[in-house]
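Starting from the given sequences, assemble the full structure and let the hints guide the process.
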Amino acid sequence: MNCPECIEQMAALAAGSLDEAAAVPVRAHLAACPDCQREYATLTRTLEKLDALPARPPSHRMRAALAGMIETEKLGQRDQAPFAASLRREADRPRRRAWLPAVLQMLGVAAVLAIGLLVGEREGEHKAEARELAAVRAKVDTMSQLVEQSVLQKRTDGDRLETVLTAASAPKPDERVIDGLINTMAFDPSVNVRLNALNGLYAHADQEVVRAGVLACLVRESNPLVQVSMIDFLVAAKAREAGPVLRKLAADDQVDADVRESARRAGELL
Amino acid sequence: MIAAAEIPVHCAPFGVESRRPPAAVDSSSPLSDHELMLAVRGGNLDAMGELFERHHGPLFGYLTKLTGNRAAAEDILQNVFQRMLKYRHTYRDQGSFTAWMYHLGRRCSSDYFRKASHGPQAVDPADLEAHADDALGVDELAASTDDHALLRRALERLDRDDREVLLLSRLQELSFAEVANILECSVGAARVRAHRALRALRDHYFQLQKESLP
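As you go down the protein sequences, you meet chains A and B in turn.
If you read the first sequence in this note's numbering, its first letter stands for residue 1, the second for the next number, and so on.
If you read the second sequence in this note's numbering, its first letter stands for residue 1, the second for the next number, and so on.
Please note that a few of the clues may not be correct.
Said to hold, decoys possible - Stretches of chain A that chain B covers, calculated by requiring three or more beta carbons in the stretch to come under 8 Å of a beta carbon on chain B:
1. 23-37
2. 48-55
3. 210-217
Said to hold, decoys possible - Okay, the calculated beta carbon distance ranges per label pair:
4. A:HIS60 <-> B:SER175: 27 to 37 Å
5. A:LEU269 <-> B:SER32: 55 to 65 Å
6. B:ARG157 <-> A:ASP258: 43 to 53 Å
7. A:GLU8 <-> B:ARG157: 52 to 62 Å
8. B:ALA177 <-> A:ARG63: 25 to 35 Å
9. A:ALA32 <-> B:GLU35: 49 to 59 Å
10. B:PRO30 <-> A:PRO4: 29 to 39 Å
11. A:ARG45 <-> B:GLU35: 34 to 44 Å
12. B:ARG157 <-> A:LYS172: 19 to 29 Å
Because the hints were derived from the structure by calculation, they are not lab data.
Cβ atoms here follow ideal geometry from the backbone N, Cα and C, with glycine treated the same way.
Right, here's the structure in full:
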């Protein structure tokens with residue numbers, strides 16, 4: 001074996017992908033050729049460094065995003081109603097206060113995107129886009145299909161944030177847009193998107209379903225900033241029904257200190 | 001929206017989708033990746049959580065090296081698992097889960113590179129906060145000539161195809177035959193491309209090392 005032949009094979013030898021029969025003459029040449037030894041050493045060093053290149057794990061929100069995706073798929077599987085719709089059904093029942101839904105199933109990502117479709121249609125600012133959205137809507141006849149379409153259309157946090165801001169500024173949002181904002185506030189993996197969905201609901205704080213949605217989300221929310229904002233919302237909405245939940249939060253040592261203090265003050269105000 | 005037709009032949013549905021009831025995951029004995037994915041295909045979507053725990057680290061590492069961008073790698077990672085759920089029925093009875101996952105990773109990263117070539121992407125302010133620690137600090141700037149930084153820059157200088165084949169070939173979870181299948185080429189061609197990419201990386205790396213010397 002000469003040097004060019006050895007050089008041709010040595011990358012495979014360094015990568016460990018050369019079979020033993022082919023490796024024998026390469027090794028024999030390497031043992032006798034200092035130039036090829038140096039060449040081989042540079043390849044093995046490069047590979048070692050490539051393999052040792054550190055990679056930090058992704059952010060924790062990835063797990064939340066996956067959980068949301070799984071729930072969305074389950075929604076399609078089971079044909080169950082989304083979170084806000086279940087709240088709305090409960091709120092519509094006369095004099096019934098046990099409105100907290102037993103099952104939280106809806107992904108905020110999907111939900112906000114669903115309202116993106118609705119708002120896009122309603123606004124009609126971009127006619128071409130509206131026509132496209134209308135065509136999509138024409139193809140879907142169930143909520144799960146609508147959600148599925150939406151997830152694939154707008155996937156990034158930036159897109160969802162834009163959709164929430166548009167929905168929140170809609171002059172007369174209908175019931176489904178409000179449901180979308182509630183679902184987003186409940187399940188979107190981005191804190192920023194959840195906060196903006198909550199802000200978008202201030203204009204509808206007089207609706208029982210909105211107050212019920214915020215209260216239900218407060219119980220499951222993990223981010224203190226969002227929790228405090230939800231408590232502020234409940235105070236602004238004069239949601240007296242929030243009293244027991246706020247008292248429980250204020251007394252829970254596991255809860256963030258700022259959240260506990262906000263809950264205590266809100267409990268007193270309400 | 002991705003049409004089902006985009007799924008390549010080797011990932012096409014294997015026969016008729018199972019009509020068996022969702023398979024339960026027995027936590028007492030760990031299931032293989034393949035068994036878990038079959039459970040997902042059969043309707044037990046929660047099994048995807050375990051697959052995520054097992055594989056998101058190496059996949060994310062691969063995507064980070066491929067894109068050189070953590071935020072993009074996170075987006076792609078999310079898209080990969082989203083497609084796994086959506087196209088779970090295309091997973092084959094005799095399939096290799098990791099090969100399928102990296103195949104989807106290749107698809108999703110191709111989408112990313114195609115979009116990235118068309119202009120800047122929208123950024124959520126929350127992303128900036130979440131990735132603030134990725135920005136180089138004073139110490140990191142001072143150390144930016146270290147081996148890791150040099151190697152990352154050398155990787156960036158590789159053609160995307162070379163970077164892809166080299167990184168795939170270094171994944172312990174994949175055989176060369178699987179790498180070739182993912183790249184849709186022969187095993188021999190995959191080997192040649194990987195070795196050529198390794199030499200190119202070596203050349204870039206040593207060139208950068210020379211440039212960084214005072």
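Quiz prompt | Numbered hints the structure breaks, given as an ascending list | solution = The structure conflicts with hints 1, 3, 7, 10, 12, although it agrees with all the remaining ones.
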